[in-house]
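Here are the chains, one letter per residue:
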Amino acid sequence: MKEIINLPVSNIEEEEYHINMGPQHPSTHGVLRLLVSLQGEMVRSLKPHCGYIHRGIEKMCEKDTYPQVIHLTDRIDYLSAHINNHAVCLLVEKALEVDVPERVRYIRTIMDELARIQSHQLWWSSFGMDLGGLTCFFYGLRDREMILDIWEETTGSRFLQSYNCPGGVMQDIHPNFQKKVHAFLKTFKKKIKDYDRILSGNVIFENRSQGVGILSKEDAISYGVTGPSGRGSGWSCDVRKTEPYSMYGKVQFNEVLRYECDTYSRYMVRMQEMHESMNIIEQLIDNIPEGEHSAKMKAVIKLPAGEYFQRVESARGELGLFVVSDGNKTPYRMKFRTPSFSNLSVLDHISRGMKIADLVAIGASLDLVIPDIDR
Amino acid sequence: MNSFFKYFSDIFHGVKSLLIGMSVTGRYFFSPGQIVTQQYPENRKNLQMFERFKGEVIMLHDGNNQHRCNGCGICENNCPNGSIEVIPAKITGEDGKSKRVIDKHIYHLGMCTFCGLCVKNCPSNALGFGQEFEHAVFDRSKLTKVLNQPGSSIIKGVE
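The listed protein sequences correspond, in order, to chains A and B.
Heads up: the first sequence begins at 53 in the working numbering, then just goes up one per residue.
Heads up: the second sequence begins at 471 in the working numbering, then just goes up one per residue.
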């Protein structure tokens with residue numbers, strides 16, 4: 053004990069100190085291990101250690117037929133399960149040149165936007181909780197419950213829906229669907245004002261997020277940080293705008309961009325996106341055309357031999373899906389370009405020189421989902 | 471002088487923002503409005519799940535203990551994780567021809583991911599989703615279920 057006290061002060065300052073953040077840490081939201089090397093309280097560098105929840109989904113896809121793959125994509129990024137399903141369906145439909153009914157496009161787009169809203173609600177809840185505001189967690193989950201109920205009524209599941217299938221959706225929407233979505237929009241428009249009052253304008257939150265974790269636009273592009281995190285740095289990277297799929301080409305919405313490049317701007321992008329998502333749903337929900345909920349597909353789906361790529365905008369960024377087919381009913385290779393993996397890669401770069409407490413705020417602002425990283 | 475004013479305006483704005491936040495929590499404390507928390511074990515008796523809720527895969531039986539499954543095995547082929555095993559049997563029908571029926575329709579609940587492909591692809595609509603969701607058991611082997619009830623037979627006319 054005495055020797056430690058008698059150490060010269062300068063020596064302590066220069067020494068590097070390593071700590072493991074995770075794999076069991078509440079602010080990593082899963083089993084992510086960050087090996088952080090610190091100088092005092094300052095982060096010198098960090099190394100993410102992935103793989104704790106690696107399930108080999110890409111390999112498992114190789115033995116499954118295309119309709120069977122869909123239930124695995126639910127489990128990549130469980131918070132945007134609908135959107136992941138959508139990517140597989142779009143790819144299969146593009147490869148087979150199937151024209152899906154208009155009704156299916158409407159349903160899929162509405163479901164995607166509901167998924168985006170509930171994902172951002174959960175992100176907001178956990179962001180507040182990470183920074184010490186436990187109230188946010190309860191309020192966010194309370195409002196998210198309405199979307200889960202809508203899903204449970206229509207798809208049968210609350211979380212991992214497997215609702216899309218190649219050619220359409222599994223079941224038609226429930227008769228109560230439109231009524232319930234309207235009720236949700238009405239309620240949530242009031243509740244989201246509370247979100248701003250309780251967290252966005254809070255002085256403690258502002259001081260902990262403004263100017264923290266600066267990610268320049270150039271870095272965002274070179275690291276491939278897509279989604280709300282990239283748009284918080286002013287990079288226009290919304291796949292819904294650049295390569296519209298389903299109904300996104302026909303609805304009016306703004307791509308939310310902010311230019312402060314810090315944690316606060318990434319936060320504000322997501323808050324604004326919830327408004328935009330509600331805007332998209334409002335334009336579609338009353339105009340769902342009548343018709344079939346699924347196109348006629350063959351019993352065994354075989355993709356023609358070749359390479360296919362499809363990207364969609366998931367709640368965290370760009371999800372790319374690359375399939376090599378050899379003409380069989382199962383894919384020869386299926387590769388997912390998941391947004392969280394690229395977003396994690398920038399964490400080391402933007403947290404250098406920050407305090408360890410800021411690392412929690414930065415990590416929360418990137419909205420990492422660990423199964424999305426490890427797959 | 472400027473920094474002097476900034477110091478006090480920062481304090482003022484900080485306190486104001488905290489009070490705004492506290493007003494929200496205070497409002498919900500005194501008038502919570504809609505309460506979403508369910509008192510789960512207490513409300514078990516009148517807990518209603520949604521009609522389409524995927525609790526478990528069941529085989530639909532009518533009042534005469536008859537089902538519509540002819541043992542074609544399409545559900546088994548469609549299942550991504552091998553949760554379903556169809557063990558067929560051959561019986562001799564009234565007209566003297568041998569007919570394929572099921573002996574056992576085995577369902578491994580522990581492996582099921584509730585993707586719904588078996589129910590969707592069943593050509594004779596023999597399968598459905600049950601509302602039961604309390605699946606916790608002490609022994610894993612209890613999760614393997616035989617879906618066709620003992621003594622059940624196929625409805626006439628379903629091939």
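Honestly, the hints are just simulated from the structure, not real lab data.
Certain hints may be false.
Here are the computed lysine-lysine pairs in the DSSO-like style, where the Cα-Cα straight-line distance is at most 30 Å [said to hold, decoys possible]:
| no. | chain 1 | residue 1 | chain 2 | residue 2 |
| --- | --- | --- | --- | --- |
| 1 | A | 381 | B | 486 |
| 2 | B | 590 | A | 232 |
| 3 | A | 238 | B | 486 |
| 4 | A | 99 | A | 407 |
The hints, checked one at a time:
1. A:381 x B:486: With a Cα-Cα distance of about 63 Å, the restraint between residue 381 of chain A and residue 486 of chain B is violated, given a limit of 30 Å.
2. B:590 x A:232: holds (25 Å)
3. A:238 x B:486: holds (28 Å)
4. A:99 x A:407: Distance ~16 Å between residue 99 of chain A and residue 407 of chain A Cα, so the pair holds.
Checked against the numbered hints above, the structure breaks only hint 1 and satisfies the rest.
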